[in-house]
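Asks: If you want the building blocks of each chain, they are given just below.
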Amino acid sequence: MSTDTQPTPDGAPSAEEFEALQSRIDELEDELAAVRSDVDDDPQKMVIIATKGTLDMAYPPLILASTAAAFGYDVTVFHTFWGLEILHEEKADDLKLSSVGNPNMPVPNVVGALPGMDRVTTRMMEKQIADNEVATVRELIETSIDQGVEFQACQMTIDLMDYDEDDFFDEVETGVGAASAFQEMVEADIQLLV
Amino acid sequence: MSTDTQPTPDGAPSAEEFEALQSRIDELEDELAAVRSDVDDDPQKMVIIATKGTLDMAYPPLILASTAAAFGYDVTVFHTFWGLEILHEEKADDLKLSSVGNPNMPVPNVVGALPGMDRVTTRMMEKQIADNEVATVRELIETSIDQGVEFQACQMTIDLMDYDEDDFFDEVETGVGAASAFQEMVEADIQLLV
Amino acid sequence: MSTDTQPTPDGAPSAEEFEALQSRIDELEDELAAVRSDVDDDPQKMVIIATKGTLDMAYPPLILASTAAAFGYDVTVFHTFWGLEILHEEKADDLKLSSVGNPNMPVPNVVGALPGMDRVTTRMMEKQIADNEVATVRELIETSIDQGVEFQACQMTIDLMDYDEDDFFDEVETGVGAASAFQEMVEADIQLLV
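Chains as they are written, first to last, in my numbering: chain A, 1 to 194; chain B, 1001 to 1194; chain C, 2001 to 2194.
Okay, chain A solo, but in the shape it has when bound (with noise of 0.2 Å):
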């Protein structure tokens, strides 16, 4: 670092000063280049993990996810336990909502547990989600997996329920456990567990 070398009256600071000065600048400068950086933590980073089956709780996770992805959010989500079935290829098209045990469906227990009845509620909620043009839920990971969003399914529950690799979308990431849901939570900016 060259300086310039006219003389300076008493009191003036001296050149070694100057420069001690300036690389305490220097360090805060860098080190607040690095508060930033761990403040802003581009990109922004959301995790959903995704526990329910019904067609009803199949929605929460994928509207948000498909949002977060549209704003420019890195998006993962996380399906374990009840929420592989939203992956399953086969299965996705036909989540179920139940016709007992939910109290907010207007159909009395007794009739609800008639043989065929899970399949008329689900069959009522399908008909009020296409009457009102909303997405099903296959068009919704389309949606999604085009946008960016990365589907995990739980290698435990896998396991647990006999479920097979092939049995997933192709872009569904296999193998994952809680451990890297957790990591990839540590660095999200929202978790949510559905």
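Keep in mind the hints are simulated off the structure, nothing from the lab. Just so you know, even glycine gets a beta-carbon here, dropped at the ideal spot from N, CA and C. Any given hint could be a false lead.
Stated by the list, open to error - The calculated lysine-lysine pairs, modelled on DSSO-like cross-linking and capped at a C-alpha distance of 27 Å, are:
1. C:LYS2127 x C:LYS2091
2. B:LYS1045 x C:LYS2127
3. A:LYS45 x B:LYS1045
4. B:LYS1127 x A:LYS127
5. B:LYS1127 x B:LYS1091
6. C:LYS2045 x A:LYS45
7. B:LYS1127 x C:LYS2091
8. A:LYS91 x A:LYS127
9. C:LYS2127 x A:LYS91
Said to hold, decoys possible - So the derived label-pair ranges between C-beta atoms look like this:
10. A:ALA70 x B:GLN1044: 25 to 33 Å
11. B:ALA1033 x A:GLY72: 22 to 30 Å
12. B:MET1124 x A:MET124: 27 to 35 Å
13. A:GLU27 x C:ASP2170: 27 to 35 Å
14. A:GLU27 x B:ASP1038: 37 to 45 Å
15. B:MET1124 x C:ALA2135: 29 to 37 Å
16. A:ALA20 x B:GLN1044: 35 to 43 Å
17. C:GLU2027 x B:GLY1177: 25 to 33 Å
18. C:GLU2089 x A:ARG138: 42 to 50 Å
19. C:GLN2044 x A:GLY72: 44 to 52 Å
20. C:PHE2169 x A:GLN183: 27 to 35 Å
21. B:GLY1177 x A:LYS127: 17 to 25 Å
22. C:GLU2187 x A:GLU89: 41 to 49 Å
23. B:GLY1175 x A:GLN183: 16 to 24 Å
With chain A's structure known, arrange chains B and C on it following the hints.
Replies: For chains B and C alone, kept in the frame of chain A given last:
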């Protein structure tokens, strides 16, 4: 801080060098204030996505919302799917437990499936709530509104369920969707899905 | 930025100007360290609100809690409503799946409603868990406690369910409420509700 006062004939900083250093410090101060403001981002904010409409699952979002508001948090609860019923002026007083499909209830499924059993188990819990002086759902909503909690009803679900804007408590905001709920989550310090 | 009045040759900075700059740098360093400490806020902390008491839904909070603890996180699990049963020493070994109201189960509702069917579907899952060498609920609780996970039982729910403090595992903290759970969430980096 006292510094050495020996005149230094050689290498003392010029006015230009000194001013350059001052500019760097000015910038550091501004940038640090910006980082500090990002880190603090007052007021603190919590967003809850409420998806359930049973009597038991109405409590977690309402208790957490009113607690957070009491601690000075800005709170938004976005109600979607069955969660809408909590905000439905007629239904809010009449949320039900299920007597079947909930193995934590002390009623066998075959009894629970009898007509009227949802009402019986619901009354059991309502009595427990009253006996223990726990606030009712309506009381918690009113307390939360008084404390400034913002309740939002998902417009897509309103359409899906054929509800009307007037069905909800006066203070409920309608016409909001997942994109707006997501943006509120982005600004929040705590995000939960019930 | 030109200041101050000591004449110096060619506008070189005076001792006063130099010391003012040093003070500003001192302050910047202190403030930056404070921001850094806010951003880092070690130790990292996770809070889980556990509201469910079925066999399947006992796993997500316990697996995430023990995983986070293994990664060095400070973990608190606040159990409320049906989530209390996970901490109940007698009930923890006997959590059930529902054979009705869960359309993901391969049992029609009309069969599921028969007496004893909750036990049948539960045994099916318990066998799958054992066959796949997945830890039991009790094993996960013990592992978590060994790793320093703090389990809390919501006092309001204890009263509501007429439980006694002695009903829970020894290490469970009772007498805690929503306000304390909320404050733990405020300090946490990851908050989840199961």
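Asks: Hint by hint, note whether the structure agrees.
Replies: Checked hints:
1. C:LYS2127 x C:LYS2091: 18 Å, holds
2. B:LYS1045 x C:LYS2127: 44 Å, violated
3. A:LYS45 x B:LYS1045: Between A:LYS45 and B:LYS1045 the Cα gap is close to 18 Å, so the pair holds against 27 Å.
4. B:LYS1127 x A:LYS127: 38 Å, violated
5. B:LYS1127 x B:LYS1091: 18 Å, holds
6. C:LYS2045 x A:LYS45: 18 Å, holds
7. B:LYS1127 x C:LYS2091: It holds: about 24 Å lies between the C-alpha atoms, which stays within 27 Å.
8. A:LYS91 x A:LYS127: 18 Å, holds
9. C:LYS2127 x A:LYS91: Holds, at roughly 24 Å.
10. A:ALA70 x B:GLN1044: 25 to 33 Å: 27 Å, holds
11. B:ALA1033 x A:GLY72: 22 to 30 Å: 26 Å, holds
12. B:MET1124 x A:MET124: 27 to 35 Å: 29 Å, holds
13. A:GLU27 x C:ASP2170: 27 to 35 Å: Violated: the Cβ-Cβ distance is about 51 Å, outside 27 to 35 Å.
14. A:GLU27 x B:ASP1038: 37 to 45 Å: The hint (37 to 45 Å, Cβ to Cβ) is violated, given that A:GLU27 and B:ASP1038 are roughly 21 Å apart.
15. B:MET1124 x C:ALA2135: 29 to 37 Å: Hint holds: Cβ distance 34 Å, inside 29 to 37 Å.
16. A:ALA20 x B:GLN1044: 35 to 43 Å: Roughly 40 Å apart at Cβ, these two residues keep to the hinted range, so it holds.
17. C:GLU2027 x B:GLY1177: 25 to 33 Å: 46 Å, violated
18. C:GLU2089 x A:ARG138: 42 to 50 Å: 45 Å, holds
19. C:GLN2044 x A:GLY72: 44 to 52 Å: With a Cβ separation near 26 Å, C:GLN2044 and A:GLY72 fall outside 44 to 52 Å, so the hint is violated.
20. C:PHE2169 x A:GLN183: 27 to 35 Å: 28 Å, holds
21. B:GLY1177 x A:LYS127: 17 to 25 Å: With Cβ atoms ~22 Å apart, the hint holds.
22. C:GLU2187 x A:GLU89: 41 to 49 Å: 42 Å, holds
23. B:GLY1175 x A:GLN183: 16 to 24 Å: The hinted range 16 to 24 Å is violated for B:GLY1175 and A:GLN183, with Cβ atoms some 38 Å apart.
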